[in-house]
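Just so you know, the protein sequences line up as chains A and B, in that order.
Positions 1 to 485 (the numbering used here) are the ones given, in order, by the first sequence.
Positions 1001 to 1485 (the numbering used here) are the ones given, in order, by the second sequence.
The set of hints was computed from the structure by calculation and includes no laboratory data.
There are no misleading hints in this set.
Among the chain B residues that face chain A by a calculated CB cut under 10 Å, a handful are:
(1) R1030
(2) P1101
(3) H1103
(4) F1106
(5) L1113
(6) G1131
(7) R1158
(8) L1209
(9) A1229
(10) R1321
(11) V1324
(12) S1332
(13) T1363
(14) V1368
Bear in mind that the values here come from a model prediction, so they are computed numbers and not experimental data.
A virtual CB, placed ideally from N, CA and C, is assigned to each residue, including glycine.
Protein chains: 2
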Amino acid sequence: MTWQLALQLGTSDQPLFERIAIAIATDIERGRLRVGTRLASSRTLAQQLGVNRNTVVAAYEELCAQGWIAIEATRGAFVTNTPIAKSALAGADGSSTLGYPEHPGFELPADALDVETLTGRPPGSLVLLGGVPELRGAPRLALARAYRAALCGAGARRLLDYASPHGHIKLRTALAHLLSHVRGVAAPVAAVTVVRGSQQGLYLASRALLRPGDLVAVEQLGFRPAWRALELAGATLVPIPVDRDGLDIDALEAAYATRPIRAVYTTPHHQYPSTVTLSTERRTRLLSFARRHRVIVFEDDYDFEYHYEGRPVLPLAAADRAGVVIYFGTLSKTLAPGLRIGYVVAPPAVAQQLVAYRRVVDTQGDAVLEHAVATLLEDGEVQRHTRRALALYRRRRDALCEALQRRLPQLDVPAPRGGMAVWASAPGIDTDAWVKRGVAAGVLFQAGSRVRFDRQPDPHLRLGFAACNESELVEAVDRMVRALP
Amino acid sequence: MTWQLALQLGTSDQPLFERIAIAIATDIERGRLRVGTRLASSRTLAQQLGVNRNTVVAAYEELCAQGWIAIEATRGAFVTNTPIAKSALAGADGSSTLGYPEHPGFELPADALDVETLTGRPPGSLVLLGGVPELRGAPRLALARAYRAALCGAGARRLLDYASPHGHIKLRTALAHLLSHVRGVAAPVAAVTVVRGSQQGLYLASRALLRPGDLVAVEQLGFRPAWRALELAGATLVPIPVDRDGLDIDALEAAYATRPIRAVYTTPHHQYPSTVTLSTERRTRLLSFARRHRVIVFEDDYDFEYHYEGRPVLPLAAADRAGVVIYFGTLSKTLAPGLRIGYVVAPPAVAQQLVAYRRVVDTQGDAVLEHAVATLLEDGEVQRHTRRALALYRRRRDALCEALQRRLPQLDVPAPRGGMAVWASAPGIDTDAWVKRGVAAGVLFQAGSRVRFDRQPDPHLRLGFAACNESELVEAVDRMVRALP
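With the rest of the complex left out, here is chain A:
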């Protein structure tokens, strides 16, 4: 890789060759030119700078004499940075603070945002993190082909250009089809917006619909980045208990009676992190509550497909006739999280506002990728992959539960009806210490404290089973046993 030199020659009255030499030496001292880097030939640099070639030759000779560079017949001039007399080349202002500034030259806000960053994954670790799917079988070749077809096809120029912040029409159509035929949500294309994962969907919907001071009910156990999205829009969160039937609607109604809430954020299909499904009776009551009080329901349905006992329960959005549900889906679990394809289903007037914020937040999506993913949906590639994953995950769920029961009988391990993780309870065990010791033992999992609204210690563990095969799961449980505090 050869780059043009970026020299500021200044306007001092030194001879030109000296100014060139100083500029290059400064670049070396600042680290812009690294040891071993080849300089441009004197002919090339002279052309670039619009100076006589002899001037550059003189500058190079000066630099060579002072030890900054070496000149060899075969390699030309290259950086050595062993200067004999650095001071001879010091800047006119005697500046010694060359290089990139280490610290900001202004005050940082006092209220730094506190979000969990990605857990480092030491090499060789077995990953029992709840939301990570199996990626070894992802349809990578089909995606690469579809990507190339999109990029080199007749419409490629438009795909590479500025485009609609609603997402590519081909993907919106394929998603509308999927929503209608598999999830019972008969949304028109105008109601479907493609976003970069359900996290962005929730962020944009929050910005579009919430205002500072709005109260938003959330499940007392949940996903902290989602809560942060609501808070960044100014919402004040009201935690509501969750039990074996999901969100406690009595508690929700009691909270509303105290002070009207603007919205509820919920994961009814497989409650995050406990994986319980909201009961039919509560679903009906929640929708009726929302319709009656004109409360927004943010329904996050991040892993609809992975249901093992009977058929998936249709989303709240499928039964919503009042227009209170904003529905979030993602291809992170069925295709791959790294591609960042999610979608929001909302009445068109809401979708319009959502994309107005999207225009400011990231302009638009990646239409080439959206086109390619639409092809995978149209061809049934995603659906086939999901069906294979469903069968795989059912076996892995069983394998993990069995290994846990066998090796860690002190845990209570209910087999989840759906989802990608087990929500086990470990009474009397310091789960936070266990997780920490697990990292050292080569197994990554989560303690209940991480998903509790109040961050208190919690005797639960969330153990994902999707990303490991059956023998890896057995090994992971062995490592958990070794890591027991």
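Starting from the known structure of chain A, arrange chain B on it as the hints suggest.
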């Protein structure tokens, strides 16, 4: 594409086959099942529902008798939707509001966000919009190859997984190299964050560094979505005049004397939209002002490479030793806007806060794409493409200026030293009317009012020359002549 039916069979005391028939008819009425759609075979549906096949056969026969579906020997059952007796299948609650809700069932915020959406581009239009690059020569095949190599290579599983919100290390390294060697910014990799275009970079930096009530100075002529990003973080904008030497530093200092400002957002290299370059004297004064008052400088350098007279002027960030400059760049102009690859260069402590917000806003970038684009940078593909584009754009700039001088002598058309657009003045002409009439005549361009802070009518035009070849530019000017109000 074949999808599972999503039926909610309910729990009434009707015979099962009738409940299945009602569920299917309801789906047809709601538009979830469209005319011509093939239903699953009775065997498949029976398996899916866990019922006897004869039950499904009876349901299909009922639907056929009522005209909802037809059954043909070769095609099987498919939707016709010509029911004889819709009432016979009405829902138990007599509901007639089937389908997706048209309107939200809650109040929308009164302060809807007002952003310009993408201008529709009628087919056959010639595009003289300032920021649109030539995409016909984009290195699409090289990108498709690099994408496939990333997706099908050894590290693909990690690329598809959850990842660092800083961006892929390979692309951050390639960008650090580019910044150091071409732009004189000796930033370490820790200072470089990959984002989805400079718009997202500015949005995230604003969220990370600004707080409600902060004053931010902006150029009186500028890019409205950038201003919105600052405002969404709570900033109050203070417009500062721009003249032929760029941002007016006297006016900036006067504004500061009235009330301290927190930050300045500026486009010093090619001022948007006027394309003027900030003079050397003002650059020095701006940096000194920022250092003295600990004011943040948001430097948006969206088209560094496209400078036609002499070499590009190095960014403010290259001369910043105090850590006051946050630098935004993009590959939108050198590769393609649709890919949404941009970057932010900031002291590491700032980068940390920026990615904390990024975690909430869109989780992370697309590592597969970032890996592929890094390959194009390492191979020099982007650089070669940019060099070709630079030569192309210089000719196009000259062709547009010449055509304008010949056909529209009433305009004042200074040839820009850099950038992708001409900033022409059209004294005495209603430029807003001209733009509107231009759309009808098949030529798209912008009037000054669109980029003025106060939105007042303005006698300037912004005419992009990058996306059209020379004969298209001549034709575009012909259309402008025909559209003259």
